[in-house]
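Novice: Heads up: the sequence shown runs through residues -23 to -1, 1 to 268, numbered per mature numbering (1 follows the signal peptide of the UniProt record, and there is no 0).
Treat the hints as calculated values from the structure; they're not laboratory data. Just to be clear, a hint being listed does not mean it is correct.
Listed below are the simulated DSS-like cross-link pairs for lysine-lysine, each with C-alpha atoms no more than 27 Å apart in a straight line [stated by the list, open to error]:
id, residue 1, residue 2
1, Lys224, Lys58
2, Lys113, Lys32
3, Lys138, Lys247
4, Lys90, Lys247
5, Lys137, Lys113
6, Lys127, Lys7
7, Lys113, Lys123
8, Lys7, Lys113
9, Lys44, Lys103
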Amino acid sequence: MKINSVKLITSVFLILTSLFLFAQKSFQGKAYYQTKTTVDMSNFGGGKLSEERKKQIADRMKNALEKVYILTFNQSESLYKEEAGLETPGQGGGGMRFGMMNATGGNQYKNVKAQQLIQEQEFFGKQFLINDSLRKLDWEMGAETKMIGKYMCFKATAVKKVEGFDFSSFRRRPNDEKPQDSTNTENKVVEKEEAPREIMVTAWYTPQIPVNQGPDVYWGLPGLILEVSADRTTILCSKIILNPSEKDVFKVPSKGKEVTQKEYDIIVKKKTEEMREMFRNRGGRGGGRRR
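Using the sequences and the hints, build the whole thing.
Specialist: So this is what it looks like as structure tokens:
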């Protein structure tokens, strides 16, 4: 596929014009992103929940998963954090599970020059500070374009391994997928280690803002990423402010027990397995103690 000549000339002109702005050492920008995540409720709760109950859970998930984030960035650094707002009341007993699904966590700092990622993450009431190198995606850049606001964006795709907590695996029940081993004298379910799930990531970036930053963990393209779709989650930029009159200081996250991404993933996996076992046992007692 080839870009037609008019579109190519227009793109080159916009990029060259933008370079004058971004050549300033004091350059800074802000991008506002809205996240949306859909959840497959068809087999939620092992298929035993009523449609009314599924709708109630879906509505609560929507409130937990649809948020606004602000990415403050310059040529080499960025800080991604949730926009301050009122807390959603009535989390109740389900709040624990909804909190586990929040993959973004706390404030996240990326330094593409130093190849560093630092993120505050709360998990089951404990505060962690993930300090690790940036994870690279093998982007395949295409020629397809579209406008997001006033910015011309180009499409890029990549395959990403799902790391850490994977909510889809937490929903599975042992009866659905784990056969018993007749050689197991203790008559326990034998669970095999599963390979990480892979998802397709589609990003739209604009060379008009020539920084290789983006929302959440996404980066590494020759322009600011304005939209990302990964699995069931879409992150879309709704507003951009370039060179605001009041510059922000990049405050690197520092709260929590420092761990690498791998160490944090092990902690999450262990706790997730404990929770899954608890739900299995509760199911075996006919629904547990809930009244």
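Novice: Checking against the hints above, which ones are violated?
Specialist: 2 and 4
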